[in-house]
Amino acid sequence: MDTVTLTMKNLPALYLEAETISPDQFAAKSPAEIGKLSAYMGNEHHTLGDFFEIAGNPGKTAADTKIVVTGDLSKVKYIGMKMTAGEIEVLGNTDMYVGAWMAGGTIRVKGNVDSFCGMGMTGGELLIAGNARNYLGAAYRGDWRGMQGGKIVVGGNAGSDLAFFMRGGEITIGGDVDVHVATHAEGGKIIIKGNAKSRVGGQMVKGDIYVFGEIERMMPSYKYIGDEQIEVNGTSGTFQVWIGDLGERHGKRKGETIYGKIYLKVKEAEEKEGSTRVSRKIKLTDAQMQSVSEAFAGKEPSVSNVKAFIQESFGIEMKPMQISRLIDEIRRKA
Amino acid sequence: MTRTITDVVCPFCGTLCDDLIVTVSEDGKKLLDVENACAIGAEKFLHTQASDRVTRPRKIQEDGSSVEVSYDEAIEYTAQLLVNAKKPLMYGWSSTSCEAQSVGSEIAEQVGAIIDNTAAVCHGTTLVAVQNVGIPSCTLGEVKNRADRIIFWGCNPAHAHPRHMSRYSIFPRGYFTGKGHKNRKLIVVDPRTTDTSSLADVHLQVEQGADYELLQALRAAVRGQELTGDIIAGVPKEKVYEAADLLKSGRFGVIFFGMGVTQSLGKDHNIDAAIMLTKDLNEYTKFSIIAMRGHYNVTGSGQVLGWQFGFPYSVDLSRGFARYNPGETGSIELLKRKEADAIVVLGSDPGAHFPVRCVREIANLPSVCIDPHITPTSEICKLHVPVAFVGIEVGGNCYRMDNVPIDSRKVIEPPEGMMTDEEFLRAVNTRVSELKAA
Amino acid sequence: MADEYIIRNGQVYDPKQGIKGDVMDICINNGKIVSKVSKKAKEVDATGKTVMAGAVEIHAHVAGPKVNEGRNYRPEDKLFTCRATGANTHMEAGFSIPTTFRTGYNYARMGYTTVMEAAMPPIYARHVHEEIKDTPIVDQGAFPVFGNNWFVFEYLKNKEDANVNAYIAWLLHVTKGYAIKIVNPGGSEAWGWGKNCDTIHDPVPYFDITPAEIMSGLMKANEQLGLPHSIHVHTNNLGNPGNYETTLDTFRLAEGVKTNNKFGREQVFHHTHVQFHSYGGDNWGNFESKAKDVMNYVNQNKNITIDLGCVTLDETTTMTADGPFEHHLTELNHLKWANVDVELETSSGIVPYVYNPDIKVCAIQWAIGLELGLLAKDPMRTFITTDHPNAGPFTRYPRVFGWLMDQKYRNERLSTFKYSEKVNDATSLGSLDREITLYELAQMTRAGPAKALGLTDMCGGLAPGMDANVAIYNINADSLDGASIEKAFSAADQVFKCGTLVVDNNDIITETDKRTLWVDVKVPDNKQVERDVVMKFLKYYSMNLANYEVSDHFVPHPYVIEVDAT
Amino acid sequence: MSANSINLISGRTIQQGVAMEGGKEKDKYHKACGIIEMDNEDFKKLDIMKNTNVSVTSSYGSVVVKAIETTQGPHPGVAFIPMGPWANSVVSDETYSTGMPTFKGTPVFIKAAPDERVLKMIELMRYNCWGEKQ
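Protein chains in written order, with numbering that gives the first Met the number 0: chain P, 0 to 333; chain Y, 0 to 437; chain H, 0 to 565; chain C, 0 to 133.
One thing to keep in mind: the hints can contain errors.
Which residues of chain H face chain P? A few of them, derived with a C-beta cut under 7 Å, are [to be verified]:
#	residue
1	R73
2	P74
3	E75
4	L78
The list that follows gives simulated cross-link-like pairs (lysine-lysine, PhoX-like), each with its CA atoms no further than 20 Å apart [claimed, not checked]:
#	chain 1	residue 1	chain 2	residue 2
5	Y	K29	Y	K337
6	P	K65	P	K109
7	C	K43	P	K298
8	P	K298	C	K44
9	P	K251	P	K222
10	P	K74	P	K109
11	H	K417	H	K407
12	H	K38	H	K19
13	C	K49	C	K30
14	H	K15	H	K376
15	H	K421	H	K359
16	H	K15	H	K35
17	P	K74	P	K8
18	H	K535	Y	K178
19	H	K194	Y	K247
20	Y	K178	H	K538
21	P	K74	Y	K29
22	P	K222	Y	K236
23	P	K222	P	K205
24	H	K538	Y	K181
25	P	K74	Y	K85
26	P	K298	Y	K236
27	P	K318	Y	K85
28	Y	K238	P	K298
29	H	K261	H	K15
30	P	K74	Y	K337
31	Y	K184	Y	K85
Honestly, the hints are just simulated from the structure, not real lab data.
Even glycine gets a Cβ: it sits at the ideal position worked out from N, Cα and C.
Build the full structure now, drawing on both the sequences and the hints.
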């Protein structure tokens, strides 16, 4: 495999659109020809040569072409868009649409990427060492076909709308994710090593989500159906199994309804006492319970009030789901 | 002697009431009275009579003071600014006519601009949701003639669309709704008790920012599924099931929704879920959903951009063809990320309605504000071009919140020598063509 | 416009004059076809090429609220399909629902110069005309929908002919409309309650009238008024297995009805996109073609015309004033559903649809469209459409031509389906060896639709005195293979619109002023209808009557066809 | 959201609408929008006097407005500033890549600021953009 190295020499004043940085475009071209490939800054037409030092030679085909991009790439969009084969290595942070609609090959980003990376991806590997922002592996606006194949691995955190309308492929997030995971998904596999906030699997019709950390707030339209001992990418453990989204339509296979599934890892501590619900770590003493029920006697306690009250009086941070359960308890007592 | 003009269209909100009666002086120069308008609409008409109205363009000096310049100078400045920019943003387009919007499109195409309307901070996420899951809807007359279930979700028409309830949704008697509001059940979903919720049969005081959870719970309830947790997004589970039954039991229901869902956590997903709830309910009865479009002709801007470029807002023409992705080409993102290098604002007030970080960026850019009023935007732009009030001093087509087009009327003459925004844009367009040709 | 042209040595196909490929010259002066021109005339060499009149589109959804909703809610339809601003053209975008500019350009590129918008909801007429204004080059008219209109229901129920006629005349006038369109009569009103009318005899809820009565009543009114076009019908029960019986029941309504007009129109009834209405079987499993039964009837009844609605096997966007059908469709494919019910007038819906060749039903639908065309005995009464964009975008016409004109070409497609055998069992396409000729193509895309629209003396032909709409294609009778046909008809070498050269070397060179065709009917004054209109607007409309009429500035280039029915 | 932060939402009020159309440079607009509506409970909790000026601070900015008792309540834990430059000095500009800022649901801290002045529209704009304070 032959390598072409692009080194940023002139920083663009505005953002640079460089979908031409792709093995498919470079293959069988001379460095000079590569330098003449288009790059756009706003409504101005430029060439890659205007911004990059170009060294080395590509292979005959995309498959045997490797591109190394270096320098300050934080204002470069569309690297590796629609690529079908070969390799791209980005040494540092870069902007939006990395590997958007990619069908094959490998992209390695050493730093962080912005939103819309791996959008509508159908194949290949997108490996991001740092963080990815929103809409990773998602669908383009209006399309019902998000990520359909291939693999995305993020070392750090991912933003909101991860795997929006995902249909297939696999995504692994090393860290935490923001709201809305796999919304409208109809297939695919997502592994989250860290924590998730809320709206995990909202409107999901089909697909699997594995969460090793905690889910701050489970969708009320998901149902806990028991624990399972499973192995996910080498790590095995007990996982709570939740099915949903019960607000959505669901297909049947062999008379059996297919649901989206969330596998939530049960923490060691809980495994001992056997878990039935999301994280039970926090429990109020009877005295605390007492003062809560007094504080809200005869009122219609809302989750946010009770949450705030408990925070102030006992300095305890509780999850909305736990609060709402607590409120039911108070109700039952009263 | 005075003249009265009937069937006047109100240029304030997306309700486009078209039954106003305006009294003007014989010479058509003074506006004396407005009937049938809401407080806000009436004020809009009467403000044209303000004695301290700015009637000539003003350039803002270094020291913040302003000097009057001629329209010709303003045209030259605006054309130069657009032609010299690499990625100019042309924002607003709501308080103007479709005719003016069309000229704006021509300019934007010539200079390779990004053209965006106030949906960006209003119902943009609604348009995104519609792109994801569609929208079963109807005209407001259908609501008046058929509806027996009305849901106001995250909107407060008593304040934002003052005549909506009396003209279309709650009180009017229609063909199949002879009993008016007596046969209509009203559900209001709002984290606050509001002047609208006080009229409601049912008020679901949702936990702010948890509309998505409540909507999906409602959808599950409609399907007879069991819900997890006894309080759903601040609402007791039983109330969720009751609400689901109330919706299914109607013959024709409508969900009206507003900023409460478009601007809260989840944004398009909240609307997405509301639309899917509407779709689900069509398996049991007839249901529609309508966005409470706020700004006069923001809907029209979406229509014009739609048939000319294919996208309803945040349209990026910089590459010579149209692209769209609000998360990248939307005004807020462009300003936050410093992607644009010039801005022209027409028929809108981002200075008042954008977050401070974006406002600061506008103040730093070469900028023009085309607006009849003195506004926060006019105060931070390098050039303020006052123009005639569209819908009062000049007519033109506009689209109602349900996309029904109505041709608005001119009722009085603008102050002597004042341009309309369409005239100003045409002049700029001509000048841009000359500069491009050179 | 004033330019003189002479198109030399083309092989001319003009059914209007019965010219079948004779090599001759066509002369143009002052926007019209003339018999001879002066020496100054610019010459266009058409040696070895095919010369036809500009084509006439009788049924497409190209302008208006649902078309634009389709555009706005399908950004993915624009993805990678845009074309940058050109020397003579605006930006273009969209595949199945192109922008207005691309719509005008692409029709012109294919040699189409007249295009009818198939469904205009009256209250949205202003929007339709705004889009027509922004659609370059082609002459356009729009058909207001009458089949679910409350006024029509009440007047027909009370057998008040004069009032029906007066109301039609009024609505055509205020909407600047061209003809009477009927979509799922009664069914779209029933959809206001989530219901439908599945046969032409199902009563419309609360209105005590049936689809059959609505269609017959409007057919009668159309002939009493003597409009240029006949009623233009999309009947009940579209798209369902077994619906061909509903279709034949609908056709029979025209039996014995005589035409009455001054425009050379011979039919009293046009049925559109018949492909969607020619289904047998009673479920998607035993779904089959009934094209033979349908065409046998059409062939025998001279007062009926149809258009095909051929499936092109693309990802497209369905849109129709048949609201309940779109709901039915979204329940089948679960893709995004838009719906608009329009007060007192109609409903409408939109759903994207992927006609996947690997799905049996889609392949059968494809075959049925072509069967209908090949079984047509009278090409002057059978017109080629895709019901754009419902069965496929109009830009696929050249491919449909290829399938109809080259048996080998269509059999290649037929034999490479995943379920080719099943398709052959369910249809007769494989057994049809007919190949549509260039002359028949000119009948099915020019002379035929022009005559059905009452425009036979204006367009669709090359007789002296007619508008100089001419298309020159780089193909001739000796080289009619599917691929060449598709290539040649996708981009004409030259196209003239009213005497102006608008397409040269296969692309747009100028945007000449297009025209809007509408029909203005004079009827006796009718106080009752005037009163009824005022009352209905006061009580039931959400808009004031004074703001309803489309004022003239929305129609900057009108071509008004006046009809005196007093 | 930490212990004593309040959830801020902004939106239309009819007074804001009327004042806006009457002229945003006028006192009426400044009076209609330079306010924050809070619940009794929250006044107590934060130990703030009604109809006094307060400083509202979020991670996006800070602004001085007049605290008044809510006109459309109760909504404990939620505060409301009518849409306009005052609200937008503190609202969240996080869009989650949808293009839409989070105008509703910004955690803010509210402190009594009896000696601070509520800036007029033009003052506020200049202060926010160029840091000028008259």
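Outcome of the hint check:
For R73 (chain H), the interface hint holds, the least distance from its beta-carbon to any beta-carbon of chain P being 5 Å, beneath 7 Å. The restraint placing P74 (chain H) at the interface with chain P holds, with a minimum CB-CB distance near 4 Å, inside the 7 Å limit. Restraint check, E75 (chain H) versus chain P: the minimum CB separation of about 4 Å is within 7 Å; hint holds. For L78 (chain H), the suggested interface contact is upheld, since its CB lies about 6 Å from the closest CB of chain P, less than 7 Å.
With a C-alpha separation of about 44 Å, the suggested pair K29 (chain Y) and K337 (chain Y) falls outside the 20 Å cut-off, and the hint is violated. Taking the CA atoms of K65 (chain P) and K109 (chain P), the gap is near 15 Å; set against the 20 Å cutoff, the hint holds. Pair hint K43 (chain C) plus K298 (chain P) holds up; C-alpha atoms about 18 Å apart against a cutoff of 20 Å. Annotation: proposed proximity of K298 (chain P) to K44 (chain C) holds, straight-line Cα distance about 17 Å (limit 20 Å).
Of the supplied pair hints, the one linking K251 (chain P) and K222 (chain P) holds, its CA atoms being roughly 18 Å apart against a limit of 20 Å. Between K74 (chain P) and K109 (chain P) the alpha-carbon distance is near 16 Å, which keeps this suggested pair within the 20 Å criterion. A threshold of 20 Å between alpha carbons decides the hint, and for K417 (chain H) with K407 (chain H) the separation of about 18 Å falls inside it, so the pair holds. Restraint check for K38 (chain H) and K19 (chain H): the C-alpha separation of about 27 Å exceeds 20 Å, so the hint is violated.
With a C-alpha separation of about 15 Å, the suggested pair K49 (chain C) and K30 (chain C) falls inside the 20 Å cut-off, and the hint holds. At roughly 18 Å between alpha-carbon atoms, K15 (chain H) and K376 (chain H) fall within 20 Å of each other, so this suggested pair holds. Between K421 (chain H) and K359 (chain H) the alpha-carbon distance is near 7 Å, which keeps this suggested pair within the 20 Å criterion. Proximity of K15 (chain H) to K35 (chain H) is assessed by CA-CA distance (about 19 Å); at most 20 Å being required, the pair is judged to hold.
In summary, the hint linking K74 (chain P) to K8 (chain P) is supported, as the alpha carbons are separated by about 13 Å, within the 20 Å threshold. Distance hint between K535 (chain H) and K178 (chain Y) is fulfilled; the C-alpha atoms sit about 18 Å from each other, no more than 20 Å. Restraint check for K194 (chain H) and K247 (chain Y): satisfied, since their Cα atoms lie roughly 16 Å apart, inside the 20 Å limit. For the hint linking K178 (chain Y) to K538 (chain H), the alpha-carbon distance of about 13 Å falls within 20 Å, and the restraint holds.
For the given pair, K74 (chain P) sits about 54 Å from K29 (chain Y) by alpha-carbon distance, which is inconsistent with the 20 Å threshold. Straight-line distance between C-alpha atoms of K222 (chain P) and K236 (chain Y) comes to about 15 Å, which keeps the hinted pair within the 20 Å bound. With a C-alpha separation of about 14 Å, the suggested pair K222 (chain P) and K205 (chain P) falls inside the 20 Å cut-off, and the hint holds. Proposed proximity of K538 (chain H) and K181 (chain Y) is supported: the alpha carbons are some 18 Å apart, at most 20 Å.
Under the criterion of a C-alpha separation no larger than 20 Å, the hint pairing K74 (chain P) with K85 (chain Y) is consistent with the structure, at around 15 Å. This hinted pair checks out: K298 (chain P) and K236 (chain Y) have alpha carbons roughly 17 Å apart, not beyond 20 Å. Proximity of K318 (chain P) to K85 (chain Y) is assessed by CA-CA distance (about 48 Å); at most 20 Å being required, the pair is judged violated. Taking the CA atoms of K238 (chain Y) and K298 (chain P), the gap is near 16 Å; set against the 20 Å cutoff, the hint holds.
A threshold of 20 Å between alpha carbons decides the hint, and for K261 (chain H) with K15 (chain H) the separation of about 17 Å falls inside it, so the pair holds. Only pairs whose Cα atoms come within 20 Å are accepted, and K74 (chain P) paired with K337 (chain Y) is accepted, the gap being roughly 11 Å. Under the criterion of a C-alpha separation no larger than 20 Å, the hint pairing K184 (chain Y) with K85 (chain Y) is inconsistent with the structure, at around 54 Å.
Consistency with the previously given hints fails for numbers 5, 12, 21, 27 and 31, ordered from lowest to highest.
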